[in-house]
Amino acid sequence: MRDFEPSELGETMETFTVVQKLEDLLLVSVPRDLTDSDVLRLRQRVLRDIRRYDSRWVLLDFSLVDICDSFFGRFIHSTAQMAKLMGADVIVAGLQDAVIETMVELGMTLPNIHAVLDLDDALALSREYKTREQVQAEDPLESPDSSRVEGESTDWDAFADSPLSDWTEV
Amino acid sequence: MAQVQTSEEQSKKEYFPINSLVDVVRARRRGLEIAQEMGFPLAEATKIAVVISELGRNIERYVGQGAITVTTHLGREKYIMIVAQDQGSGIPDVDRVLVGGYSTSGGLGLGVSGSKRLVDKFDIQSIAGVGTTVKAIKLLR
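Protein chains in written order, with our numbering: chain U, 1 to 170; chain G, 1 to 141.
Please keep in mind that the hints were generated in silico from the structure rather than gathered at the bench. Here the structure is a predicted model, which means the values were calculated and not measured. Honestly, I wouldn't trust all of these hints.
Label-pair ranges, simulated between beta-carbon atoms [stated by the list, open to error]:
| id | chain 1 | residue 1 | chain 2 | residue 2 | range |
| --- | --- | --- | --- | --- | --- |
| 1 | G | Gly64 | U | Thr131 | 33 to 39 angstroms |
| 2 | G | Glu77 | U | Arg127 | 43 to 49 angstroms |
| 3 | U | Arg127 | G | Gly75 | 54 to 60 angstroms |
| 4 | G | Arg117 | U | Arg127 | 37 to 43 angstroms |
Looking from chain U toward chain G, a few residues come up when the C-beta cut is under 10 angstroms (computed) [what the hints assert, rightly or not]:
| id | residue |
| --- | --- |
| 5 | Asp69 |
| 6 | Phe71 |
| 7 | Ala98 |
| 8 | Ile100 |
The beta carbon of each residue, even a glycine, is placed where N, CA and C say it ideally should be.
Construct all of the structure, not just a fragment, from the sequences and the given hints.
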């Protein structure tokens, strides 16, 4: 990660490759030390690129972020809501232990957002859903439950038990 | 006198003027470093940085200018103290802000109430027309 002064980021974020397309995922590598206005600019860019690449998933990779306050939590939440209206689901990956502990104690949790540990899990999640959608498309009369792929070993619903699964203000 | 000198040696203070969002980022980044340098584990240092961020944002958003001082004390009691000060119009309803879920800016209302949960001692002194001082202390155990 290249270091930069926070003040420079606003002008240079466009030139940093923080948003990339991977299959039907929009890969967003969230930089550290973003100011609140940088965060809002990043959200605009994400929404613009969802449209540009017709992305089905937005992966917010937080592995570089070591300070995540309530504004950041709000950013994740609002980005997810806006992306949803464009037909895309947000996956959050790479949250560090210290960040998670702080977010939860601060009173932030994230509902309706898939949280995974790393990029591999995120890619697996998006492919898994794609397979499910294809199965459903081939047999539209089949109910969503029975469309689950044979031999599936990962129970994605288990993520609902993660501490990030509900957005509540304590 | 000797005792006073000793206590000065044990206390270190860093001052961060808050006039912009970039100042907030600088203060919280340095706060994370200071906390780790004095021996806080990463998760606790992260909480200190987030408290600085929340209080700094409030100064920037509601008043426009103010300052944050970070004091570390390594005497018989070991702690870090964050003091956020501004000379704004004051917080009309401190109790409501402390409970949480209250915001006049469309936020989540988690900044102050959440910060309070992240530290051991938390105190707000706000006087209309004079300003607001928020003090947060986290003990190093």
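Supplied contact hint for U:Ala98, tested at 10 angstroms Cβ to chain G: Where the cut-off is 10 angstroms and the nearest Cβ of chain G is about 4 angstroms from U:Ala98, the hint holds.
Status of the hint placing U:Ile100 at chain G (closest C-beta pair under 10 angstroms): Holds - the Cβ of U:Ile100 comes within 10 angstroms of chain G, reaching about 9 angstroms at its closest.
Consistency of beta-carbon spacing, U:Thr131 to G:Gly64, with hint 33 to 39 angstroms: 53 angstroms, violated
Outcome of range test on Cβ distance (U:Arg127, G:Gly75; 54 to 60 angstroms): 57 angstroms, holds
Range agreement (Cβ of U:Arg127 with Cβ of G:Glu77, hint 43 to 49 angstroms): 54 angstroms, violated
Supplied contact hint for U:Phe71, tested at 10 angstroms Cβ to chain G: Holds: closest Cβ of chain G sits about 7 angstroms from U:Phe71, inside 10 angstroms.
Consistency of beta-carbon spacing, U:Arg127 to G:Arg117, with hint 37 to 43 angstroms: For G:Arg117 and U:Arg127 the Cβ distance comes to about 39 angstroms; the hint holds.
Restraint outcome when U:Asp69 is required to lie within 10 angstroms of chain G by C-beta distance: 4 angstroms, holds
Of the numbered hints given earlier, the model fails hints 1 and 2; all others are met.
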